[in-house]
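Chain by chain, the residues:
Number of protein chains: 2
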Amino acid sequence: MKNVVIVGIGLIGGSFALDLKQKYAALTIYGIDKNEQHLDEAVRLGLIDEKATFEFLDKADLVVMAIPVDATLEILPLILDAISDDTIVFDVGSTKEDICLSVKDHPKRRNFLAAHPIAGTEFSGPSAAVAGLFQNKTNIICEVEETAFKLQEIALTVFKDLGMRIRYMNPKAHDKHIAYVSHLSHISSFMLGKTVIEKEKNERDIFDMAGSGFESTVRLAKSSPAMWTPIFRQNKTNVIETLEEYISNLEHFKNLIKENDFDAVFNEMESTNHIKKILKGIQ
Amino acid sequence: MKNVVIVGIGLIGGSFALDLKQKYAALTIYGIDKNEQHLDEAVRLGLIDEKATFEFLDKADLVVMAIPVDATLEILPLILDAISDDTIVFDVGSTKEDICLSVKDHPKRRNFLAAHPIAGTEFSGPSAAVAGLFQNKTNIICEVEETAFKLQEIALTVFKDLGMRIRYMNPKAHDKHIAYVSHLSHISSFMLGKTVIEKEKNERDIFDMAGSGFESTVRLAKSSPAMWTPIFRQNKTNVIETLEEYISNLEHFKNLIKENDFDAVFNEMESTNHIKKILKGIQ
Chain A
1 MKNVVIVGIG
11 LIGGSFALDL
21 KQKYAALTIY
31 GIDKNEQHLD
41 EAVRLGLIDE
51 KATFEFLDKA
61 DLVVMAIPVD
71 ATLEILPLIL
81 DAISDDTIVF
91 DVGSTKEDIC
101 LSVKDHPKRR
111 NFLAAHPIAG
121 TEFSGPSAAV
131 AGLFQNKTNI
141 ICEVEETAFK
151 LQEIALTVFK
161 DLGMRIRYMN
171 PKAHDKHIAY
181 VSHLSHISSF
191 MLGKTVIEKE
201 KNERDIFDMA
211 GSGFESTVRL
221 AKSSPAMWTP
231 IFRQNKTNVI
241 ETLEEYISNL
251 EHFKNLIKEN
261 DFDAVFNEME
271 STNHIKKILK
281 GIQ
Chain B
1 MKNVVIVGIG
11 LIGGSFALDL
21 KQKYAALTIY
31 GIDKNEQHLD
41 EAVRLGLIDE
51 KATFEFLDKA
61 DLVVMAIPVD
71 ATLEILPLIL
81 DAISDDTIVF
91 DVGSTKEDIC
101 LSVKDHPKRR
111 NFLAAHPIAG
121 TEFSGPSAAV
131 AGLFQNKTNI
141 ICEVEETAFK
151 LQEIALTVFK
161 DLGMRIRYMN
171 PKAHDKHIAY
181 VSHLSHISSF
191 MLGKTVIEKE
201 KNERDIFDMA
211 GSGFESTVRL
221 AKSSPAMWTP
231 IFRQNKTNVI
241 ETLEEYISNL
251 EHFKNLIKEN
261 DFDAVFNEME
271 STNHIKKILK
281 GIQ
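Respectively, the protein sequence lines represent chains A and B. If you count the first sequence from 1, position 107 lands on 107 in UniProt numbering, and the numbers rise without skipping. If you count the second sequence from 1, position 83 lands on 83 in UniProt numbering, and the numbers rise without skipping.
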């Protein structure tokens with residue numbers, strides 16, 4: 001592997017660039033981004049060695065696509081058109097079904113691996129890139145059997161070298177489960193932030209009363225709307241289902257309080273406490 | 001100050017014990033707790049020097065009450081009955097209106113200071129105590145003018161020595177605002193945990209897919225039901241109001257997705273993003 005092209009040099013793309021450089025000294029890392037300022041910043045920060053254009057893609061050994069999932073739908077087929085027969089392309093998007101469908105019949109489908117490394121922070125842009133972001137993180141691979149053997153191997157070696165744990169799953173199952181363990185958390189956090197900001201808009205110093213508990217539950221409300229809007233669009237059906245169940249649980253809890261059934265309120269919380277054990281496995 | 005009695009030697013009481021001992025070398029710290037195992041553990045961990053009973057309270061200079069808010073309503077008047085004229089008692093409860101009302105006409109009302117240090121973790125019991133927990137944390141004091149001058153001074157000096165920032169507020173306003181910035185976060189977190197556990201109960205390994213975002217938003221679902229149930233009971237009206245506004249915001253967001261109004265979905269998130277700036281002040 002000599003030439004890597006990162007398409008979208010933000011938090012995730014930039015973090016891949018940092019780790020790849022550190023693991024494989026001989027690599028040259030190229031960046032493509034529609035945001036020229038981000039590209040300049042990525043060069044300045046040492047994330048990429050050089051800027052590139054689509055014309056360069058046929059010289060790439062590996063292409064990492066780390067752009068919002070709506071842009072991936074549009075750009076992925078064009079990237080497959082432009083690469084060589086020996087190039088492996090993987091994406092990192094938080095939805096997988098539409099993305100897999102978008103290249104289902106592409107003549108270079110076997111050059112693509114659909115991936116979702118469960119890693120990130122609430123920040124974005126090249127300056128948010130951090131070394132070691134993927135260490136011990138889960139990476140969900142979808143439709144691995146649609147990717148050519150030797151290209152699977154290249155991508156999987158990279159994932160392993162960067163410290164990821166690999167899980168295989170079909171795109172439909174990925175999108176359904178990720179709605180629960182990721183997409184719903186983001187909405188609950190955004191709406192919690194909205195509820196409190198609306199209420200306290202004339203009393204900003206009320207946030208002096210907020211502690212680390214509030215900070216933890218609204219952390220995700222700092223996330224990028226440009227990244228999350230297309231995720232909710234592509235995963236609409238699953239996201240609506242999770243929201244309906246979440247709202248119904250909140251309504252139920254509210255009604256227990258209204259009816260002074262505090263034994264039931266206690267039980268609701270106690271039976272959720274075992275999330276402790278479940279979370280122990282999460283880094 | 002020579003003798004301090006901690007009533008309730010859990011996370012908060014134990015953390016007070018640790019810091020008080022470290023700041024004031026000459027102190028002897030006594031513990032009272034209905035849980036004998038916790039008392040033994042507190043002695044073993046070096047949180048308290050000795051176990052005590054109510055009979056000892058008239059020798060106390062300072063009494064810290066760190067028990068669930070329903071127990072505080074019951075026990076606080078009995079403690080005031082038992083202390084000397086020169087003892088200062090403060091509580092640390094997450095509700096303030098009912099607690100202040102419960103001793104409104106007590107002959108020793110002036111020996112009590114109503115306090116709420118906004119500090120803690122999702123853990124509980126003596127082993128959860130940590131040194132320095134209150135450093136740079138906000139402590140809301142209610143009805144300060146109801147406490148005797150010289151006793152105010154003792155408590156405020158302790159708070160200052162432990163590194164807290166003091167804010168004064170009336171109990172009604174405290175309970176209303178804390179419902180938004182603390183109580184609602186706990187419910188949103190518990191119900192998020194419940195929603196995901198219910199859905200994934202037959203597929204426990206799905207939690208492999210959960211990342212730090214999920215961990216952050218459900219962290220508070222590890223909290224103690226014995227502590228939180230009486231808080232929701234005492235702050236029922238405010239908690240129900242916050243829940244209704246939160247549910248209505250979630251419904252609205254869901255409907256925007258349903259109606260494919262993704263410009264509005266984007267705007268909802270973008271206008272909440274400035275929570276970043278607000279949170280900068282929170283430790």
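Simulated from the structure, these hints should not be mistaken for lab results. Hints are supplied without guarantee of correctness; some may be wrong.
The list treats identical chains as interchangeable, and a pair is accepted whether it falls inside one copy or across any two copies.
Distance condition first, Cα-Cα at most 25 Å in a straight line; then the derived DMTMM-like pairs of lysine to aspartate or glutamate [as the list claims (entries may be wrong)]:
| no. | residue 1 | residue 2 |
| --- | --- | --- |
| 1 | 23 | 74 |
| 2 | 108 | 215 |
| 3 | 254 | 241 |
| 4 | 276 | 200 |
| 5 | 276 | 198 |
| 6 | 2 | 270 |
| 7 | 254 | 215 |
Here the structure is a predicted model, which is why all the values come from computation and not from measurement.
Here is how each hint holds up against the structure:
no. : hint      : result
1   : 23 x 74   : neither (31 Å within a copy, 62 Å between copies)
2   : 108 x 215 : neither (45 Å within a copy, 38 Å between copies)
3   : 254 x 241 : both (20 Å within a copy, 9 Å between copies)
4   : 276 x 200 : between (32 Å within a copy, 15 Å between copies)
5   : 276 x 198 : between (32 Å within a copy, 15 Å between copies)
6   : 2 x 270   : neither (54 Å within a copy, 39 Å between copies)
7   : 254 x 215 : both (23 Å within a copy, 24 Å between copies)
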